[in-house]
Amino acid sequence: MRLKPLHLPDSGPLLGAGYLLLWLLLWPTVQPFWMLPYGLRFGALLLIPVRHWGWLLGAELAAATGLALAHGLPAGWAGFAMDELPEPLVMAGGLWLLRRFNLHASLHSPQEVTRLLLSVVLMVTATTAVDAALFALVRVPDSPELMLRVLGEELLSHYLGILLIVPLMIMLLRTRIDQGALASLVMDGLLVMLPSMTILLVLSEQAAPQPQFARVLSLAPVLFFAFRHGWRGASLAMLITSLGMTLVDQHLGHAPSTAAAYLFLAVAGTGALMLGSATDALRRSSDRVAEQNVYLGAVNRRLDQLAHQLRDAARGNLQADENQRRHLAAELHDELGQNITAIQTHVKLAQTRLHQAGMEDISTSINTILAHMRRALHRLLDDLRPAVLDEFGLLRALDEGPIRDLLNTAGMTYHTELHGEPRLLDDDTRTAIYRLVQESATNAVKHAQASEFRLRLRIGERQGIALAVLDLRDNGAGLPSRLPRGGRGLQGMRDRVTSLGGQFRLRPEQAGVHLRILLRSNNHPVDSHRDARRD
Numbered sequence: 014m015r016l017k018p019l020h021l022p023d024s025g026p027l028l029g030a031g032y033l034l035l036w037l038l039l040w041p042t043v044q045p046f047w048m049l050p051y052g053l054r055f056g057a058l059l060l061i062p063v064r065h066w067g068w069l070l071g072a073e074l075a076a077a078t079g080l081a082l083a084h085g086l087p088a089g090w091a092g093f094a095m096d097e098l099p100e101p102l103v104m105a106g107g108l109w110l111l112r113r114f115n116l117h118a119s120l121h122s123p124q125e126v127t128r129l130l131l132s133v134v135l136m137v138t139a140t141t142a143v144d145a146a147l148f149a150l151v152r153v154p155d156s157p158e159l160m161l162r163v164l165g166e167e168l169l170s171h172y173l174g175i176l177l178i179v180p181l182m183i184m185l186l187r188t189r190i191d192q193g194a195l196a197s198l199v200m201d202g203l204l205v206m207l208p209s210m211t212i213l214l215v216l217s218e219q220a221a222p223q224p225q226f227a228r229v230l231s232l233a234p235v236l237f238f239a240f241r242h243g244w245r246g247a248s249l250a251m252l253i254t255s256l257g258m259t260l261v262d263q264h265l266g267h268a269p270s271t272a273a274a275y276l277f278l279a280v281a282g283t284g285a286l287m288l289g290s291a292t293d294a295l296r297r298s299s300d301r302v303a304e305q306n307v308y309l310g311a312v313n314r315r316l317d318q319l320a321h322q323l324r325d326a327a328r329g330n331l332q333a334d335e336n337q338r339r340h341l342a343a344e345l346h347d348e349l350g351q352n353i354t355a356i357q358t359h360v361k362l363a364q365t366r367l368h369q370a371g372m373e374d375i376s377t378s379i380n381t382i383l384a385h386m387r388r389a390l391h392r393l394l395d396d397l398r399p400a401v402l403d404e405f406g407l408l409r410a411l412d413e414g415p416i417r418d419l420l421n422t423a424g425m426t427y428h429t430e431l432h433g434e435p436r437l438l439d440d441d442t443r444t445a446i447y448r449l450v451q452e453s454a455t456n457a458v459k460h461a462q463a464s465e466f467r468l469r470l471r472i473g474e475r476q477g478i479a480l481a482v483l484d485l486r487d488n489g490a491g492l493p494s495r496l497p498r499g500g501r502g503l504q505g506m507r508d509r510v511t512s513l514g515g516q517f518r519l520r521p522e523q524a525g526v527h528l529r530i531l532l533r534s535n536n537h538p539v540d541s542h543r544d545a546r547r548d
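Mapped onto our numbering, the consecutive letters of the sequence shown carry residue numbers 14 to 548.
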């Protein structure tokens, strides 16, 4: 749950009254190098609409007048006007211009922090320059060193006032805080800041140089909060640490800290604020990357599901095609094969009568035609469904079957290296291996003009999955630079491999064609081994 920022009333009198109260509460904290009311003015003019600025400036002027009257107006009304009026008017004019140039009250990113801090430096420099000009106009300084010291004190006090107050105002009025993050921030404050303040008190009671060491050591929690809670934690820790150091000095009666100590505080606070903002930006970036990774993971899982569905559909089509081939082969064998056998039987029975009639040449011609038809039928049946695969098994069918007859008839040398147990593979994968070798050998005979054809097959298991690595190559003319249109040999082989979830790679060779194919079986290895032992 995220807590909403505080909602300011859209009423000038109410805003002016609240501003007056806060200004009076912060005024007693003013020190030579520490002016929180200046930071309150900067933050109010930065966060509140311009139409209510008159009420804010009027409230501050009323508070300053009351304090001056309480002290008896030592410089008179003219001196009071010269001291109190220019600085708020210069700040209001400068912030009006900066807001026109898109200065936002935001510490969301390091760029915004840098922009805001540069605006702070510009505004502090402008108000200090105006004060210096009026100081030189009204009073003649005793020495240039004294004037520079006063101006340096004013620069440092104004910058520290903004650095301590404005981030807190932005956090309360402009940002949403996660309830869990707020609880963690409070818990760390109790576990870290309280012990740190205790250590600061103990060390500050000692003699020098322990108090100075304690001030440096007290900034360690600021860095911790910057890393853990971003710029919000850094700003809160910085404010608490600064208040703690001041209260300790007042409680122990120490002399006020030097300008060097407060300058160190300003530099450390600026660095902590930048570090906290960068930490927040890095955390948001990590969250976005994590969300993107979750989204990409879901997309990848969906793509995997689609890929599995496509492979299953392709495998189903392949199985349907093989089943259709098997059915067609059975029909041709039963019908056409039996008819050819019947014709041959009738011709053989009629040979005596044909011989008596002097027509034995007709009998010879019919037998020749029937033999040719039977051989053509056998080739067609082998193309539709390789019976040798069922009769011999995969390895023997590859080594001794029709593929060797085809290559030897074409005058090509056939080399085989066959390793592994084919029963690890499912029927679709075994059929695909035979088809791939058959298609590659046919392509080599028809197009390669090769003298040898090499087949290497390795079947094994890896991580519980049965794998088959098929390596096919010839020493022929190789592939043309542009494949002919309508050629479906290689593409059909690639589609068959893809449908089984395998990998098809055409490797470049100086001569011939080299194919390397990886197929994964759907068989469970344990079942395959059980089947192998049963056989």
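One should not assume that every hint holds.
Unchecked claim - Per label pair, the in silico range of CB-to-CB distance: (1) Asp374 / Gly350: 41 to 49 Å; (2) Leu19 / Ala274: 46 to 54 Å; (3) Gln305 / Gln44: 48 to 56 Å; (4) Ala274 / Arg314: 54 to 62 Å; (5) Pro18 / Ile478: 38 to 46 Å; (6) Gly371 / Leu341: 18 to 26 Å; (7) Gln305 / Leu207: 52 to 60 Å.
These aren't lab readings, by the way, just hints derived from the structure by calculation.
Cβ coordinates follow ideal geometry from the N, Cα and C atoms, glycine included.
- request: Just pull the numbers of the violated hints for me, sorted ascending.
  value: 1, 2, 5, 6, 7
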